[in-house]
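Undergrad: Spelled out, the chains give:
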Amino acid sequence: MNALRSPSAAVAAILLAVTFVAEADEDFRAAVRNPAYQAECAACHVAYPPQLLSAASWRAVMDGLGKHFGSDASLDPATHAEILRHLEANAGRRDTVAAGKPQLRITETRWFVHEHSDELPRDVWKHPAVKSAANCAACHTAADKGDFSDRTLRLPKGVHKK
Amino acid sequence: MRLATCLFLLASASSAAFAEAPADFLAGYSQEAKHANPGYTAPSVQRGQRFFTEKHGHDWSCASCHTGTPTASGKHAVTGKVIGPLAPAANPERFTRASKVEKWFRRNCNDVLGRACTAGEKGDVLAYLMSLK
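These protein sequence lines map, in sequence, to chains P and R. According to this note's numbering, the first sequence is numbered sequentially starting from 15. According to this note's numbering, the second sequence is numbered sequentially starting from 77.
Hints are computed from structural coordinates only; laboratory data are not their basis. Glycine included, every Cβ here is placed at the ideal spot set by N, Cα and C. Careful, some of the hints might be misleading.
Stated by the list, open to error - Take a look, some chain P residues computed to stay more than 12 Å from chain R by CB distance: (1) Glu-54; (2) His-82; (3) His-100; (4) Lys-145; (5) Lys-176.
As the list claims (entries may be wrong) - Where chain R lies over chain P, by a calculated footprint (3+ residues, C-beta under 8 Å): (6) 111 to 123; (7) 127 to 141.
Input sequences plus hints: build the corresponding full structure.
TA: What follows is the structure, given as structure tokens:
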């Protein structure tokens, strides 16, 4: 799980984090508002900001919707194409790869792990009020609107910063 | 059970071509079920409730996400995301759009049973959901 094995990786992760924050706020909100994306990709979890994975990663996610993290999330071909186009157009510009393969989880990307390891204890994701790192809304109370600002960040009861 | 039959008869009188209300879906499923199995008579609230709350050889039942009280909000079994009530009495948007209804039957039946639901099963589930007030 530890993505920061070397100092250069750490620097890269910090640069990544800074860039994301600078460009993030308004772009996230605009990109999750897309009607097709909302209708189809916000039923089982929040619509994740497309910027947090690369286009190659989104293609891999969309290729596997029939067996999507243990659920059937398959779509008709027209809707599939429309959403893939939206994700590709708004995807992050940096690679999100591990072991030569596009990553499927935002929560396993180096950026995410770094952003969430400074202040949070390692076992935070197992807390019953969180359940999964993919449950952004457990802490980011306006995640459904693409808002991940400090203003709307509220750790659930029983979860403490380290 | 009597309610379901009643609803079924009512619904059959109207056209099932444009399914727009729960009763239209119920009529459509019954017709389809009869077509597939001449011995089929009518949807059953009791069969529907059993089907909804029991597991079918996989990890989840319908109730795992929609709860055993589908007039209340449910919660996605993995992500914890809130799911609005499934019973039409508690959520008037349910069973009003064929594309949405069929999409979710396809996905959820695949997750819960590892196959598509039959028209008879869908009719039973819907009769059960429509019996809840």
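Undergrad: Would you mind marking each hint as holding or not holding in the structure?
TA: Now the hints, each set against the structure:
Not every CB of chain R lies more than 12 Å from the CB of P:Glu-54, the least distance being 9 Å, so the non-interface label is violated. With a minimum CB-CB distance of about 9 Å to chain R, P:His-82 fails to clear the 12 Å threshold, and the non-interface call is violated. Annotated as non-interface, P:His-100 keeps its C-beta farther than 12 Å from every C-beta of chain R; the closest such distance is 19 Å. P:Lys-145, annotated as away from the interface, has a beta carbon of chain R within 12 Å; the closest lies near 5 Å.
At roughly 23 Å, the least C-beta separation between P:Lys-176 and chain R is larger than 12 Å, which holds for a residue marked as non-interface. Coverage of the region 111 to 123 of chain P by chain R is violated [criterion: at least 3 residues with CB-CB distance below 8 Å; count 0]. Given a C-beta distance limit of less than 8 Å, the hint that chain R covers the region 127 to 141 of chain P is violated, as 0 residues qualify and 3 are needed.
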